[in-house]
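Residue numbers (our numbering), protein chains in the order written: chain V, 1 to 293; chain D, 1001 to 1293.
The calculated label-pair distances, taken between Cβ atoms and stated as ranges, are:
(1) V:98 to D:1125: 50 to 56 Å
(2) D:1125 to V:97: 54 to 60 Å
(3) V:285 to D:1225: 40 to 46 Å
(4) D:1125 to V:252: 42 to 48 Å
(5) V:192 to D:1097: 54 to 60 Å
(6) D:1193 to V:192: 25 to 31 Å
If you're looking for bench data, these hints aren't it; they were derived computationally from the structure. C-beta: ideal position from N, C-alpha, C; glycine also.
Number of protein chains: 2
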Amino acid sequence: MKHRELVVGLVQMAAARDPAINVEKAAWKIREIAHRGAQVICLPELFRTTYFPRQYDEAAFCLAEPIPGPTTERFSQLAAELGVVLVVPVFERRAPGLYHNTAVVLDADGSIAGVYRKAHIPDDPLFYEKYYFAPGDTGFRSFATRYGPVGVLICWDQWFPEAARAVALHGASIIFYPSAIGWLASEKATEGERQRLAWQTVHRAQAIMNGLYVAAVNRVGREGEGTESVEFWGSSCVFSPEGELLGEAATDAEDLLVVRCGLDAIERARRGWPFLRDRRVDLYEVLLRRWAE
Amino acid sequence: MKHRELVVGLVQMAAARDPAINVEKAAWKIREIAHRGAQVICLPELFRTTYFPRQYDEAAFCLAEPIPGPTTERFSQLAAELGVVLVVPVFERRAPGLYHNTAVVLDADGSIAGVYRKAHIPDDPLFYEKYYFAPGDTGFRSFATRYGPVGVLICWDQWFPEAARAVALHGASIIFYPSAIGWLASEKATEGERQRLAWQTVHRAQAIMNGLYVAAVNRVGREGEGTESVEFWGSSCVFSPEGELLGEAATDAEDLLVVRCGLDAIERARRGWPFLRDRRVDLYEVLLRRWAE
Chain V
1 MKHRELVVGL VQMAAARDPA INVEKAAWKI REIAHRGAQV ICLPELFRTT YFPRQYDEAA
61 FCLAEPIPGP TTERFSQLAA ELGVVLVVPV FERRAPGLYH NTAVVLDADG SIAGVYRKAH
121 IPDDPLFYEK YYFAPGDTGF RSFATRYGPV GVLICWDQWF PEAARAVALH GASIIFYPSA
181 IGWLASEKAT EGERQRLAWQ TVHRAQAIMN GLYVAAVNRV GREGEGTESV EFWGSSCVFS
241 PEGELLGEAA TDAEDLLVVR CGLDAIERAR RGWPFLRDRR VDLYEVLLRR WAE
Chain D
1001 MKHRELVVGL VQMAAARDPA INVEKAAWKI REIAHRGAQV ICLPELFRTT YFPRQYDEAA
1061 FCLAEPIPGP TTERFSQLAA ELGVVLVVPV FERRAPGLYH NTAVVLDADG SIAGVYRKAH
1121 IPDDPLFYEK YYFAPGDTGF RSFATRYGPV GVLICWDQWF PEAARAVALH GASIIFYPSA
1181 IGWLASEKAT EGERQRLAWQ TVHRAQAIMN GLYVAAVNRV GREGEGTESV EFWGSSCVFS
1241 PEGELLGEAA TDAEDLLVVR CGLDAIERAR RGWPFLRDRR VDLYEVLLRR WAE
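Just chain V, with the same shape it has in the complex (with noise of 0.2 Å):
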C-alpha cells in the first residue's frame, strides 16, 4: 500500500522541572493528537527535562539515559499501541562521558526505525551545549517508517543547509526539526520579532531549496529568571514543498498541530523547479573546507 498523504502531529510543550511529569504529559498529547489523526508525531527537542543547557551543571548529566532506554521504551510502547510513527528527542548517554543531543524515529510497530545526533552544535549565552554534548556523528539520514521516509534533524541543524539537502539526497519526504529556541530577556524587545521571522524563513527555504515538507516543533514558555531566562517561542510550524505555511502553532502557549501533507506536491514541487536535476556536484567541494583560502 502506498500512502498519498502523512499526516503530521507536532506536540508544542513547555517543560516542567520533574522529567516524569514532562514524560506523562507528551504521553497524553501524543494520545490526544493520534486521535485527531496524526500518524508521525513530533515532540520538541529535549522535551523530558527543562533546557539544562542553559546553565552548566554537572549534575544535569545525571539526567542521560540510554537507547534503547526507559524513555525509547516508554514511547515504542505507545507508538505501537496506537499504531503511529513517534520522533523522540533523548539526551543520550552513549558511554560514561560521552553524551548526545539525541532524537529516534519509532516506528508504528514500536520498533527503533533510526537514531539521529545533532551534528551541529550551538554554544551562545545560555546555549551552552557544546558542554553537554559531543558532536553528532551519525550523519545525515532518511529513515524508512511505515508512513515513508522521513528525516529528523534538531534545532540549530537548520541554519545549515548543507544538512537538510543531505537528508534530502536520502529520499526523505519530510524533515522534522525538534527544537528549543528562544528568546534572551536582553534581545526581546530589540531583536525578538527579526530573530523570529529569520527562524521560519530558513525553515520555509529549506522546504522549497529541496522541495519537501519541513516540521520544526519548538518548545514553549519561559525557563529561568531575570536576565538568565530563556523565553522559548513556539510558533511550531510546517511548510509544504512549495514553502506554503500549513500550519502555526503560538508564541505563548502549548498547542497541538495536526497537518495533512499530500506525497503528491512533492514531486509537482521538484518537477516544477527542479533544482535536484540541476545541482553541479562537480563544483562543491569547496564546501568540505572549513574556508576556502
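Since the structure of chain V is provided, determine the placement of chain D on it from the hints.
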C-alpha cells in the same frame, strides 16, 4: 583605507528589442545611480537583449560576444570614469559553438576584477537556457574590488544553497544575483504570488545562513505574447546579514535602488549566530553526489 560601508546600486530594467538601446539605457541609469552615491552597481541578467532563451532560435547565438568585447569595453570606460564597480552580465561567446551566461565584475579603475559563468542552468517552458549556455566552469568566487570583496551568482543559482555557501567561504561581503525571473501567463493568477514570495524567501535565507548581504536584480516587463509570454516580476531586493529587507523595487516598473550596507553588520551577525564556526565539514561528502543511494 578600510571601507565601513558599501553602497549598493541596483538597476531594475525592462529590455527593448535593440541591444544598442539597452546598452545606452543601462549606461544612463548607471550614471544616475552613481550620482546618487552607489559604489557597486549591478545590472539584470542578459540586460543587453530581450530574454531570448524564451524561444529556440539559432539566430540568437549571433547576440553573443567575447570577453573582453564591446560590452565590457563600453562599461569598463564608464566604471573608470565614475569610479564605481559594475557587475555586468554578458552573453559570452567563448569559442565558436561554446556560449555561457556570464557576469563580469569591473573594478572602479575599469579593469576586469573577475568573471563568473552561471553554473546552474535552468530549462523549463519559456526558459530554454540549456539550449544556449554551457554550464559554467569558473566555480564560485569572491572578487576583490575597490569597495571590498564581491560575489556574483546568476538567477537560477539562487536556489542552490551550495553556491551561496561557496561564495561566502571565499570571503564575499555581498552576493549579487542578476536575474530574469517572471510569471508565465498560465500560472500568474494561481501561482504567481507564491512563486515571488518563494524567490524572496530563499534570497533572504541565503543572507541569514551565510551572514552576508544579498542583492537580487531582476528585469521587469512582459516579453512575448499570450501563452508564449513571460512577465518579469521585478521586485529587486537587498537583504542584510540578519535577514532584514533593506530595499525593494516595484513589480511592474523600472526602478533604481540605492542601499547602504554597513560592513560591521557582517561580523555582528556571524558572532550572534556563528554558523561558520559549527559547520561539520567531515559530514558533508554526500553533497558531492547526485543522490545518496
